[in-house]
Each structure stands twice: as structure tokens, then as C-alpha cells.
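**Q** Based on the sequences and whatever the hints tell you, model everything.
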Amino acid sequence: VPDYTLIGHNYQTPDLVAKVTGRAKYAEDFRADGMLFAKLLLSPMPHARIRNIDTRAALDMPGVVGIVTADDLPKAPVTTTSAADKTPPPNEVAPEVALAREPLYEGEPILAVAATDECTAAAAVERIQLDLEPLPFVIDPLDGLRPTGLSARKEGNVFVGRELKTLRWTDADFAQIAEGRFPMNAAHSEQQQFGDLNAGFEEAALVLEETLYQQSTSHQPLESRTAMAYWQNGKLYLHGSTQSVARTVPSVAQWVGVPESDVVIVSEYCGGGFGSKIPGAHSMAIPALLAKKTGRPVMMRISREEETYIGRVRPGFQAGVKIGFRKDGRVTALDLFIVQDSGPYQRQGDMQLAATVASLMYQPLAMRFRGISVATNTPPRVSQRAPGGLQGIAMLEPVISKAARKLGVDQVEIRRVNVPTAGSPFGLSNRQKVTSAFVREALDKGAALFNWEERKVRSGKRRGSKVTGVSAVVSNFMSGSVGYDGLVMIRPDGTLAIHQGIGNLGTHSVIDTARVAAEVLAMPWDRCEVVWGNTGRHVPWSSTQSGSQTTHAHSRANHAAAMDAKRKLQEIAAMDLGGRPEDYEVGNGRVFRKGSAGGVLTFATAARRAIELGGKFDGHEVPGQVHAMTKSSVKALAGQGLVGVAKDEYPRDGLTYSFVAGFAEVEVDVETGAYRIVDYLAVADVGTVMHPRSLGGQLHGGAAQGFGHAATQRLVYDKTYGVALARRLHYNRPPTILDVPLAMTWDAVNLPDPYNPVGAKGIGEAAIGAGAAAVLCALTDAVGDGLVGRTPVLPEMVLAAIEAIRPTNDRLTPYI
Amino acid sequence: MATIRDVMPAFELYQPSSLDAALALLDQHGENALLLAGGLDSMDWLKDRLRTPRVVIDLGPIAELRGIHPSGGGLEIGAMTTLTDVVRHPVVREKFGILVEGAELAASPQIRNQGTLGGNVSQDTRCWYYRSGWSCYRAGGNICYADTPTALNREHAIFGADRCVAVNPSDTAPALIALDAKMVIRNRSGERVVDAQDYFIGPGHDITRMTVLRPGDILTTIRIPDSFAGAQFYFEKVRDRQVWDFPLVNVASAMTLSGGSIERIRLAVNGVAPCPVRLTRVEEAVQGRARNAATADLAGHLAIEGATPLQHNGYKIPLLRNLVRRAIRGVERAWETS
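Residue numbers (this note's numbering), protein chains in the order written: chain A, 177 to 992; chain B, 23 to 360.
Since the hints were derived computationally from the structure, they do not count as laboratory data. Some clues are possibly wrong.
With a straight-line cut-off of 20 Å between C-alpha atoms, the simulated EDC-like cross-links for lysine to aspartate or glutamate are [claimed, not checked]:
{"hint": "1", "chain 1": "A", "residue 1": "468", "chain 2": "A", "residue 2": "309"}
{"hint": "2", "chain 1": "B", "residue 1": "69", "chain 2": "A", "residue 2": "438"}
{"hint": "3", "chain 1": "A", "residue 1": "251", "chain 2": "A", "residue 2": "385"}
{"hint": "4", "chain 1": "B", "residue 1": "69", "chain 2": "A", "residue 2": "399"}
{"hint": "5", "chain 1": "A", "residue 1": "469", "chain 2": "A", "residue 2": "230"}
{"hint": "6", "chain 1": "B", "residue 1": "69", "chain 2": "A", "residue 2": "204"}
{"hint": "7", "chain 1": "A", "residue 1": "330", "chain 2": "A", "residue 2": "268"}
{"hint": "8", "chain 1": "B", "residue 1": "69", "chain 2": "A", "residue 2": "302"}
{"hint": "9", "chain 1": "A", "residue 1": "895", "chain 2": "B", "residue 2": "220"}
{"hint": "10", "chain 1": "A", "residue 1": "341", "chain 2": "A", "residue 2": "268"}
{"hint": "11", "chain 1": "A", "residue 1": "251", "chain 2": "A", "residue 2": "278"}
{"hint": "12", "chain 1": "A", "residue 1": "195", "chain 2": "A", "residue 2": "586"}
{"hint": "13", "chain 1": "A", "residue 1": "468", "chain 2": "A", "residue 2": "438"}
{"hint": "14", "chain 1": "A", "residue 1": "503", "chain 2": "A", "residue 2": "586"}
{"hint": "15", "chain 1": "A", "residue 1": "468", "chain 2": "A", "residue 2": "247"}
{"hint": "16", "chain 1": "B", "residue 1": "69", "chain 2": "A", "residue 2": "309"}
{"hint": "17", "chain 1": "A", "residue 1": "498", "chain 2": "A", "residue 2": "293"}
{"hint": "18", "chain 1": "A", "residue 1": "330", "chain 2": "A", "residue 2": "309"}
Values in this document were obtained by computation on a predicted structure and should not be read as measured data.
**A** Here it is as C-alpha cells:
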């Protein structure tokens, strides 16, 4: 890694003081003249047809101003460019709408009331007469596959592509389930494969077959998805909580039914999303539509209970795996079959991503993935931090650990023999290659820092009622995309503005990637301003803030924009001071002639010259290849300074993935089943380290969320009534700061990725699988293989395993 | 009529500054009034619109209900004293460590700053069916939703179920029972004092209440006698998370030793029955016996006799057995929490 001035150094982000002093304004903190408050009426049933809604008594209440129902939704959503000219399949699934006519899960919004205050709005909701016809429902995905069972939707029970189809398992399949075994020969709806699976298993010295369960967990960001909307001169102004900003515009436009150019999104701060707030959402459309209907601004605050219903959920897995190993632990064949809880609305990609992540992590010689994306009448599923990656790593790493114990291979070693390196192939039917992978380096560094050789001696050691378990695990997830736009402007006052269309969801990438532009222009950081969080301030087309792609994508985009600005500075200097552009260098807010005194132009002067020159220099001409949103932003900024704008066209050969090696020690109380994480270390391969402090935050924050998935967090549904029981945060039990070790540590190998101008890769998601798997592997290391492959592992499961009493739940039972 | 939750309805708030004024207000408003201590239980009921009192009487401003005062060799603790103040009090720490642990392991630091000792022992059950507003026995209906073959009941009772299988969630209750605390109750007609173990009632007694408090009653004081001051204490709570969680099972014991033998002992558990349970049979069996592993095993086995597990809470049987064993035998604290 080169000796950068800004990259790789800790610094104070410009949003920090506002956050810690409470001055930062989140969506709920905004007010507008005449603002109304909205409350939702949620479906009390998991599946129903609305026969009638009588709103008269509500509308008669003083203070009630308006109500929106499904009748108020845009008739034909404005199609985005990407969705245009695709012919829908014949049995296309009706998509989720903001307000339902046929609610498909308990808690689905049916209507919203706007009133002068929230108390009145809530009381008005209570006065609405709702006539519902209950319809059949499915909560457990396996119930949705029963031979004579029900389906979550009348169109079918299984999502295949954009369609709903019907697929049933047999009595014989369910006989296996009754014995606690996943039926590996049951029917599937999707399959991918490479290599010769049978040959792989024949070659194996050890073949493990495991039944696996990975829970659905709700996202539960601390900031609920509150939104406030008003209309001004035909434009929608929406204050929301979104992970992305630029990319929220098209999705809100579609939900509300207006052109993208009529939507302004303000979201400077986002109190977490974890994948549930990637673009816009129906919770933004509802206040927007109410504001349009009433002609007044509308704030819709989302309570924690509502957040639990509409705030999205990670798809759970009920799965089986068969893995073959050589004597040294090398994976020869991997056969993975996943039944995925996909919620009511659409196929989810988690199961396929789980297979992809496994194909990269273990480099099997042959692999098959089969899956079924089952519809259920539970909250809509969506990506959650490492979608499929967490579930895949959390369920397969304990199987790898078990194999290591059976083969007598060291836990670090079995991972070393399987890990990928730069250029390693992965994926199933569509084989790709990875741009860089320094996993061995991460494992070696971690083993040294964790004192693995000494630590592993503690495995299974008992002290009083406590037994120690240790683990070494690996995790990966995608970590970069390409092809987005960067936009910077040198202003006549000599400052550098870096316009960011990505969101500020707490990871710092919105600021960290801006520093790449400052680095390229050798600009002192205190003379830079990052413009973010408001599409009214002219931001470029950007990646969504998802898939850990932002750091990679926007370090590229900002690099490209800054290089464009630098070329323009050099051209202006050559024009005004003589010589050729390449004779000039930039630094400290000046353009100067290389290697000689004199011939200096300040950025301030250059910016004024750019305005005089016009054309490409000040944004009056825009490169053709940038996105329409970038073009309109540049148009709005034109004439205000020297504009650097470019689409990222840097090469990339392969796909970008980051990796984490996780090490944990747990202590299990064999008399109570309670366990605690004593120590955790994460060592990351994230390419060049951009900002050490925020990297540490991601590695530990991700790990803590992984601990929650493994140990404490849960959704709870009563299958008989089809409704949620864990409706509140304390029933959901996300992990707390006291559930993580006092002194967690982290490090990074800090080796650059070859296909990023500064070597950067993302990290948000690979971190979570490492945390979850490290706990689960250490736990099984302490108390045995009976707990392999399940989340969450609650104290009673540990105790039942130790006491050999009847388990508190069946192997494949969701929602305990 | 449609249902909406998580929005507090409007009510009239009274903030009396004396106990007499509070009792007068209670008398005046009768069933239309809700008593508010720290609010950690009441606010949930209000926000869920499951209780819609016209009047809320906030006991917060009443100075005489707060504070910890010496009384004989023991203490008088005002019912409105926060759990944090209980935990920090030097005499409680010195003489009644078991109450410090019970209070300190409750909830979270923020909740302990607001939650009161009186509220902690008087709180309603946290059964998620009942708290979701289902019309169960406890809510005046004729079914227990938690006691069906498909119900989710890992946190429910293994003892003492009578139609309702919900448990008492208090962490301080078993400590107070082990310390032989007395609960002082006032109403307009006077004062009465009940033993801590009799303060809590099960569904067989009255399925709609968790304590002996009747409308018009206010718990004013918790008296801790000196009978077990500085005794051998044991408290442990097993929960899913290390903070902000109710007990799966908790246990409290206070004992005095004579030589190596157990001279006097009081032992109570919670999270296993509709009310906290004093294990008198165990106490009697171990009294006079050597404090050793054999006595601990005997206690553990006696403690679980007659337990009837539901579908998902069979683990509470070995858990209770092991915790009672530890309460007799003593063990290193499970792990430090704060």
C-alpha cells in the first residue's frame, strides 16, 4: 500500500459532532408548517380478503383530515428505465403494494389516517370498521410444502423467478423430517451444479450429512422507517431514513407514481438499515400520497411494533448438506439443498448467495445447489447484512469444524487448505473469478494474534461448571461493484466539494470514499466539503448502499471524477502559464509546474478561469457516458466552479469479495446451558484499509450482529394463529453491549485489491458471518456436535444437549 | 373496531405529593385510575391501548415513598426507591447482598434508574400472549393460549399452573422472600403488613392479579428484618441476554451455618410458577445437614418434584435443579454483569 496522505489514516468524520450531541436531524426531527401526523391500520390476520372498510366514523372525528387506502395508490406505477420493455411472465407474482387489498401477513398496512396529531390519528384508526374474510395461511415453510397442505397464496406456494408455482413434497419426505432429517431427495424448484459430484464423494475420506436450520431475523435498525413528505410546486420533498440516497429517488418515484425528476430525497442521517432500507419503501409512499391528497405535509412516525411488522426480515433456511473431505480436510464435493422462507411477495436470492459464498469459501471440486423459495404469510423478506452469506457461513462453518475434529486436522489448517486465492473460480452454473483473496494471510495473522497454538489447548477444558470452546472460522461476501459516477467541484473560494449520492447509514463510507478525491487532488482535508444526503444538492448517480459495494464502487468513481478535475486543472494551467498540461502537478490547493519554481495557479483562480472558459470546464458540457441523474446535477452546478465528473470505467477482471478470519473463545456453563463469548478477534482482507477506525467498527459491529443471530435474537410466530409474539425489541432480543466480549480486537492484512485505483474493497457484510460462525463453532467445540448447524442456539438447547433430555424443539422447527 | 397498538392514548395525569393525597385520588377515581410507579410495566399497557384509564396517578413526587432507612437491625425501603438506589445503598450492600444482586440483574441500567423496587415486585406477568392483548383466562377470557400443543411457551411455568401458565418475572421477589421481607400496604382504611412470600398470588387465588394488592391499595414500604443480615447468600439468574432480559429461572438463598452445617435457610425461586416460590420442603430437608454436594443434590432433586413441563420448557427442570444445587453448595458467580 502506497504512503497515502489521507487514505488509511484515522480522522474525525464531519457528521460526528452532530451525531454525538444529538443535533443531527433524522427524518422524525423535521417539521413543516401545517404538518399532519399519520397512523397505519395494520392487518390483524396473516392472510385475509378485505370485504369492506367503513371509515365514516373516523372521518367524522374532529382533527381527522384524510385517509388513504389501496384505492389511492398509483394505478400504473411509472416504470424505471431498468424495468422497461421486459415482457412479464404469464403467472407473474403481483408485487407488494403500499396498502393491501389482500393482506398477506399480519401487520401489513391496509390504510393510513392523517390527523392534526398522532393521538387523534390513532383514535381514528380504532373507529374504522374492517370487514375481513380470513384466508388460509402458512407460517412454517415446510408446512407450505406438505402433500395436502395449504399455500400462502392462492396462485401457488413456491416462487420461481417472477412467478408463483405449486410444488409439493411427499409423505416419504415428511417421514424423514419427522425423524429430524432433511430429505435430500425431495423435489426442488431451482438447481445449479458444476463438477462431478459423485466422483467428489467417492474420493472423500469423510462424508458428513447434516440437517441445518438458520433462523429468520428481523432487521430492527434503531431508527424506525419514519418519513415526512410535502409537495411544493409539483415536486415531492421526502425526508426519510434510507441507506442509499440517489438510488432512493427512482424507487420512491415508482411507489408514488411520479417521474424521478419530481422527487427530492433528504436523508442526511440514517439510524441503521442492515439491508431493510436499501432504496425507497412503501413507508415513504404512504405519507407522500397522504400529503398529496390532503394538500398538507404529513409525518408518519413508525413505532417499534410497526417496525417489527413492516421493517423486513432475513429469509430463514431449512436445509440439508452433504460434504466430502479428503484426509487433509480438502473439500471434494458439496451438495446443498435449501428450503427458504421467502415471505409473501417475492423470490429471495439468499439461498443462491449462500451457495455462491460456499463455492468461493471452500473451493469444492464439485458442487450442487438445489433450492425452493417458499411463500409464507410472514413479513416480507429482503436482504439483511450478508444475505445468504451469513446463513451459509453460519451453517457450514460448524460442519467444517466438525470435519476437522473427525479428521484430526487443526481448525486453522482445514480452512487454509480450502481457501481461495486471487483469481480462484467460484459460483455454480456461471463460474466467475475473484479479483483478490488474501484469506491465508488473514488466517495466519489471526492465528498469531490469537495465540492459536496455545489457545486451542483450552478446547473442552472444564473449570467448575464451565467448559471452554475455541474456534477459527472464515467468512466472505461480495464487496464491490463498478460503473457509477463521481462528481466534484473546485469552487471559486478554492475549496473542493465532493458530491456523494450514496447514503450515510453509519458506516462512514460516504465520507471515506470522498477522501479518495481529496487524495488524488492532494487537497488538504480541511478545505474539502462532502455534499451528501440531499438530492436537491445535486448528487451523482450512485450505487445502492448495499452488498458492501460502496467503498469499492465510489472510491473508483470519486477517483475518476478527481482525475477529471486534475486534468482540467492541468489544462488551464498550461493554457495560462504555458507548457503542456502534463508539466503540471497539483498539491495543497494549487496547480504548479513540476520541478521548477514559479508557474503557480491556485485552485481558486483555476475555478474562476474554469467559469470563464465554460464548456466542459465548469459543467456546461457533460460527458455522454454519465447517467441522466448526474447530467442534471452537473447542469444545476454549471458555472459555479471547475467541475470534475466521470463515470468509473476502470478495468476489473473478476468480481470483488472481501474476507474475514474470525477467532473466538466461549465459556459454556454446563449446569445452566448459558454461554458467553470470552474473546473475539477478526482479521480482514479488505484490500487497502481506508479508515482504520470505521473498519474496526464494521468488523466488531458485524460480529456483534452475528453473535445475535447465533445466540440471542429471534422472531417468534404462533403457527396456529399465524401472528407474531415477539413484537417488541426486548422479545426480539438483539444482542446488547454486555453480550459481546469486553475487549474484542481486530486487524487487517492491508494488501490492495488490484482492480481498484486505491486497492479498496468493502467490508460491511463479510464481518457478520465470521462473528456468528465463530460463536457457533466455539460452542460445538465446547459441548459437542449435537448443536451443529442451528441458529439461534438458546440456553435450553445447550442444556438439553448436555442433559440428554428431550430437545425443546425439533431440528427443523422455526420460531421458538 | 380496528386495533392499533404502540400509541399511548390521552389520560389525566395526577402527581400527588403525599401518600394521603394519592390514596384520596385512588378512592375518588376507583377503577378509572391506574397507579404509576417507575412506569416500566404500566407504560407498555398504556402504549398498547390495552389499559385505557381515564386517570393516571404518578407516585413519583411522593417523597415519603422513597429512600432507605435503618430500622432495628434491618431496613425500611420505600416502595418508590429505584433499583439503582437499592443497588448502591451501603447497608444493603453490606448486609443484604442478595437483594443487591437481584436488583442489579434486573433489566438494564437505564431501566434500573427509573424502575422501582415496589414496581419490580408488583409488575404483571410478561406472557407474550397475554401482553399481546389476547383474551386469555387472565384477561377475562376462557382459554390459555400458551398452554396448547402448538403454543410457544419456553418461558412459562413448570409448577402451579391453574388455567394460566404465565410466570412472575420479578428478580427481586425471590431475594425478598429469602430475606423474609415484609410488605407494608396502605389504603384509606389503614395499613396492613404481609410476608413477602404471601404478597404474591397465583391464578388459583385470583387469575387477574399477581399480588394481594386490591384496588385502592398502595405498597408503601418493604421492610427487611435483620434475621438474615450478613448471612451466606446466593443469587443467580439465567437469561438469554446479559442485560434487559427477564429470568428464565432465578434463585435466591439466605442461610446461616453452624460448624459445617446449615443452621437456618430460606430459599426462593422465580420464573417457574405463576408466583415466586419459597421452597419450604427443600429448606426443611437441608436444615441441620452438612453444606456439601450431597445435600445440594438432595435439594436439587426435591426442588423439581412435581414439575410439569409444557411443550417447550422441559429444560427448566434440570435448570431449576442445578440452580437450587448451586444455591446450597455455592459456586463462583456465573459471570460478572452490571
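**Q** Taking the hints in turn, state whether each one holds.
**A** Each hint, compared with the structure:
no. : hint          : result
1   : A:468 x A:309 : 31 Å, violated
2   : B:69 x A:438  : 38 Å, violated
3   : A:251 x A:385 : 50 Å, violated
4   : B:69 x A:399  : 19 Å, holds
5   : A:469 x A:230 : 19 Å, holds
6   : B:69 x A:204  : 19 Å, holds
7   : A:330 x A:268 : 13 Å, holds
8   : B:69 x A:302  : 14 Å, holds
9   : A:895 x B:220 : 38 Å, violated
10  : A:341 x A:268 : 10 Å, holds
11  : A:251 x A:278 : 16 Å, holds
12  : A:195 x A:586 : 45 Å, violated
13  : A:468 x A:438 : 13 Å, holds
14  : A:503 x A:586 : 12 Å, holds
15  : A:468 x A:247 : 14 Å, holds
16  : B:69 x A:309  : 28 Å, violated
17  : A:498 x A:293 : 58 Å, violated
18  : A:330 x A:309 : 14 Å, holds
When each numbered hint is compared with the structure, violations occur for hints 1, 2, 3, 9, 12, 16, 17.
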